[in-house]
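Build the full structure now, drawing on both the sequences and the hints.
Number of protein chains: 2
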Amino acid sequence: MAATAEQINATIDAYVAAFSAGDRGGYLALWAPDATVEDPVGSDVAVGADGIAAFWDGVRALASDIELQRTGDARVAAGEAALPLRAITAIGDMTLSVDIIDVMAFDDEGRITSLRAFWDPANMAPYEG
Amino acid sequence: MAATAEQINATIDAYVAAFSAGDRGGYLALWAPDATVEDPVGSDVAVGADGIAAFWDGVRALASDIELQRTGDARVAAGEAALPLRAITAIGDMTLSVDIIDVMAFDDEGRITSLRAFWDPANMAPYEG
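Just so you know, the sequences run in chain order A and B.
Start counting the first sequence at 1; every next residue gets the next number (the working numbering).
Start counting the second sequence at 130; every next residue gets the next number (the working numbering).
Source of the hints: derived by calculation from the structure; they are not laboratory data.
Treat the hints with care, as some may be off.
[Said to hold, decoys possible] Reference listing, derived: stretches of chain B covered by chain A, where coverage requires no fewer than 3 residues with Cβ under 8 Å from a Cβ of chain A:
(1) 163-171
(2) 204-214
(3) 229-241
(4) 247-256
Virtual Cβ for every residue (Gly too), placed ideally from N, Cα, C.
See below:
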């Protein structure tokens with residue numbers, strides 16, 4: 001049985017909340033074993049609990065505060081989902097935002113098995129609230 | 130060289146225009162050889178020119194008029210893109226809409242090499258223009 005839309009949306013909400021709160025443990029609890037993260041698309045793929053923990057630490061070293069906002073409905077199909085997000089982050093003295101689409105796959109317990117994040121660092125722009 | 134964001138957005142605009150105009154030839158000209166279409170995600174994958182032509186004909190047999198609207202920016206990364214769309218279609222006496230996210234990959238000439246369309250037929254709703 002593929003994860004249901006309800007399971008998938010609950011996991012996405014938990015993902016956005018943990019990411020925005022800087023909740024490393026909550027974030028790392030969301031993944032299936034051997035899950036993969038490619039963020040942004042085209043970068044090296046992080047694999048498994050250790051790889052995803054290292055990815056988290058690397059992101060947080062660049063930007064300790066990151067707020068994720070869901071900017072539209074997740075489109076769910078066959079245990080996968082694509083969803084629009086905005087990330088708002090403080091880097092140095094600047095507050096920047098960028099629009100993202102995350103593509104995620106889920107196991108039958110609703111854990112994330114893969115994440116591919118579509119965004120372009122060149123599109124980061126001053127945040128205008 | 131991966132396709133540029135400009136190439137990718139031009140192909141997406143041509144895709145939306147051809148789809149909305151019912152322009153079968155224009156639509157079929159947008160694909161690389163051996164391209165794949167999975168629409169919606171989880172359905173059988175159409176492969177190559179003949180497969181994609183059969184996919185087009187099958188869709189048009191269900192709904193002769195389909196308007197696609199881009200509802201946000203394409204997020205482009207490493208020769209791929211994810212973009213939000215709305216499809217508006219007349220089926221019988223009803224006008225229905227559904228929100229979609231298309232994930233596309235492109236060759237270095239900007240032709241589409243794969244398309245995965247995230248949407249759920251259960252989310253089709255009366256169009257409220």
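- Please name the hints from earlier in the document that this structure breaks, with their numbers sorted from lowest to highest. Of the numbered hints, all hold.
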